[in-house]
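Peer 1: Each chain, written out:
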Amino acid sequence: MKLFKKTGLIPSLVFFIASCSYLPDDLIIPSAVTIYEYRDYIEINPTSNQYSKTGLVFYPGGLVDPHAYIQPLSKFAIAGKAHKVVIVKMPGNLAVLDGNKAAWIYNDFPDVQQWVIGGHSLGGVMACSVVDKYPDFFKGLVLMAAYPRSSTNLNDWSGSVLSLRGQYDGLVDSLKISSYIGLLPTPWWIHGFSDYPEGKVPKTVYFTIPGGNHSQFGNYGIQKGDGVATITHEAQAELVSSLILKFFIENGWEYGN
Amino acid sequence: MATKYKILQLLLLVTLFVTTNSIQAQQTDISLRVFPSSWYNSYFEPGFDGGGLCVTYHPILNKVLRLNISAEFSVLRSRNEVLLGFGINRTIWQAKRFRISTEANLLNGIDLYKPYPLFVGGIEGLGRFDYYLKKKLTLFVAIGARVTACPGYRSFGVWKHSSWPITVGVRF
Numbered sequence: 004m005k006l007f008k009k010t011g012l013i014p015s016l017v018f019f020i021a022s023c024s025y026l027p028d029d030l031i032i033p034s035a036v037t038i039y040e041y042r043d044y045i046e047i048n049p050t051s052n053q054y055s056k057t058g059l060v061f062y063p064g065g066l067v068d069p070h071a072y073i074q075p076l077s078k079f080a081i082a083g084k085a086h087k088v089v090i091v092k093m094p095g096n097l098a099v100l101d102g103n104k105a106a107w108i109y110n111d112f113p114d115v116q117q118w119v120i121g122g123h124s125l126g127g128v129m130a131c132s133v134v135d136k137y138p139d140f141f142k143g144l145v146l147m148a149a150y151p152r153s154s155t156n157l158n159d160w161s162g163s164v165l166s167l168r169g170q171y172d173g174l175v176d177s178l179k180i181s182s183y184i185g186l187l188p189t190p191w192w193i194h195g196f197s198d199y200p201e202g203k204v205p206k207t208v209y210f211t212i213p214g215g216n217h218s219q220f221g222n223y224g225i226q227k228g229d230g231v232a233t234i235t236h237e238a239q240a241e242l243v244s245s246l247i248l249k250f251f252i253e254n255g256w257e258y259g260n
Numbered sequence: 110m111a112t113k114y115k116i117l118q119l120l121l122l123v124t125l126f127v128t129t130n131s132i133q134a135q136q137t138d139i140s141l142r143v144f145p146s147s148w149y150n151s152y153f154e155p156g157f158d159g160g161g162l163c164v165t166y167h168p169i170l171n172k173v174l175r176l177n178i179s180a181e182f183s184v185l186r187s188r189n190e191v192l193l194g195f196g197i198n199r200t201i202w203q204a205k206r207f208r209i210s211t212e213a214n215l216l217n218g219i220d221l222y223k224p225y226p227l228f229v230g231g232i233e234g235l236g237r238f239d240y241y242l243k244k245k246l247t248l249f250v251a252i253g254a255r256v257t258a259c260p261g262y263r264s265f266g267v268w269k270h271s272s273w274p275i276t277v278g279v280r281f
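Chains as they are written, first to last, in the numbering used here: chain S, 4 to 260; chain Y, 110 to 281.
The reader is advised that the hints may include incorrect statements.
[Stated by the list, open to error] These stretches of chain S come out as covered by chain Y in the derived footprint (C-beta under 8 Å, 3 or more residues):
{"#": "1", "segment": "40-47"}
{"#": "2", "segment": "53-60"}
{"#": "3", "segment": "85-99"}
{"#": "4", "segment": "105-116"}
[Unchecked claim] Quick list of in silico lysine-lysine cross-link-like pairs, BS3-like style, CA-CA up to 25 Å:
{"#": "5", "chain 1": "S", "residue 1": "136", "chain 2": "S", "residue 2": "84"}
{"#": "6", "chain 1": "Y", "residue 1": "245", "chain 2": "S", "residue 2": "227"}
{"#": "7", "chain 1": "S", "residue 1": "104", "chain 2": "Y", "residue 2": "269"}
{"#": "8", "chain 1": "S", "residue 1": "206", "chain 2": "S", "residue 2": "179"}
{"#": "9", "chain 1": "Y", "residue 1": "172", "chain 2": "Y", "residue 2": "245"}
[Said to hold, decoys possible] Here are the in silico distance ranges between beta carbons for each label pair:
{"#": "10", "chain 1": "S", "residue 1": "193", "chain 2": "Y", "residue 2": "225", "range": "53 to 63 Å"}
{"#": "11", "chain 1": "Y", "residue 1": "254", "chain 2": "S", "residue 2": "110", "range": "24 to 34 Å"}
{"#": "12", "chain 1": "S", "residue 1": "17", "chain 2": "Y", "residue 2": "232", "range": "25 to 35 Å"}
{"#": "13", "chain 1": "S", "residue 1": "159", "chain 2": "Y", "residue 2": "156", "range": "31 to 41 Å"}
{"#": "14", "chain 1": "Y", "residue 1": "176", "chain 2": "S", "residue 2": "30", "range": "39 to 49 Å"}
{"#": "15", "chain 1": "S", "residue 1": "138", "chain 2": "Y", "residue 2": "207", "range": "31 to 41 Å"}
Just so you know, these hints were derived from the structure itself, not from any lab. Glycine included, each C-beta is placed from N, C-alpha and C at the ideal position.
Can you build the whole structure from these sequences, using the hints too?
Peer 2: Structural data, given as C-alpha cells:
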C-alpha cells in the first residue's frame, strides 16, 4: 500500500476513474433519421432530407459520450417540419475544452440558415458561454439542467432561451437554476404547453419536467448522485422534443423565418 | 513537521531516480504529445484529435538499441485514453550534441468509460531528434504515425483512428 502511495499509483487511479465517460445505453435509432458520424460531430439528418432552415447544434454533458444523445435528439430531428441536429464531440467529453466549437460548424452545413444551440449540464454552461461570445450567430438557446456561469451575462441578449430541468434532478436543483436567473433574459415560468408564451418575445421560458431527472436528458443510465425519475426515459425524451418544437414554432424558426 | 519530512522524502526519491538512471544505463522521458489526425474508420479528413502526457523508461541495450516502456494519458476527441507502450529505439546517427533515431512501439491500453473501460490497441512508428543540453539531459522532438483501434466502441461510432503524433519532451 505504501509503495502504491509513494509511486503515485493511487492518485493516478483516482484521476483515471474521474476521467471516465458514461457510455450510451444500446443505440436504437429511428428509421426516419440517418446518422452521419464524423470526427468532430454527429449529424442527425431526417431521412426525407427535408427539414427546417433552423438547425440545432448540441453540446453533450460533461463526461458523457455524445452518442448518448442520439436517441433523444432524434425525436426532435423528426418532429414538426424536421430538423438537422448536430451533436458536437468534445475533447475528453468535456465541453469546457472546446467551448467555441459550435460557432465554427456552420461552414459544413450551408443549407442551414440559422442555428439554435442547446446543451446538457456542463454542455449547457458552455453553450451559454459561446452565445455570450457570438451573440448574433445563435437565435436561441436550449438549456437542459444547466445555467450560465457567473462570468456569462446574457441578460440583454436578443435571442430566446428555453430552460428545462427534471423534477427529480439530483445534480442541478431548482435553487441553483434560480440563483442564475439574472444572467438570462426575462424569466417566464410555465407548467404546461397551455402556459407557453405566444410570439417571438425575447425571454427565458422555464419548465420543470414532472417526474424527470438529470440523466434522462441523455441515454446513458443513471448518473451518480442523480435522483430517481418516475417517468421513463422515453417519456422524458418525448416531452423534451415537444417543448423544443414549441420553442421553435413560437419563435418563428420552424418555417425558416 | 510531517509535511517538511514528506517534501524531503520526495526530493530524495527524485534525486535517487535521476542519478540511478545515469549509473544503470537507463533513461527516462517526459513528453507532451499532440495528435494531428488524418483517417478515422475508413474516412480521410485531416483534423486534430487531442493531446496527452507521456512518461517513457528506456533501458539501454547497447550503443544503438534501447527499449521503450511508456505510459501515456491522452485527452482526445470524445474520449480519454490510457496507453502502455512497449517498443524499441534504434540510433541512426549520433553526434556530439545530437542524436537521430527511429522507434517502433506496440500500444495497449484502455479508453476510459463507465460502466466499463474499453480495450484499445495500436502501433506507432516515430522519427526522433535529441539535442544534448548535458551528457545525460536532452531535449527532443519526435514525429511519426500511429494507428489505434477500440473494437468495443465499434457499435457506437468512430473506433479506428490514425494520427501523426508530434512529441516534445525532455530526457534525463
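Peer 1: Sort out which numbered hints this structure fails and list those numbers smallest first.
Peer 2: Those not satisfied are hints 2, 4, 5, 6, 10 and 15.
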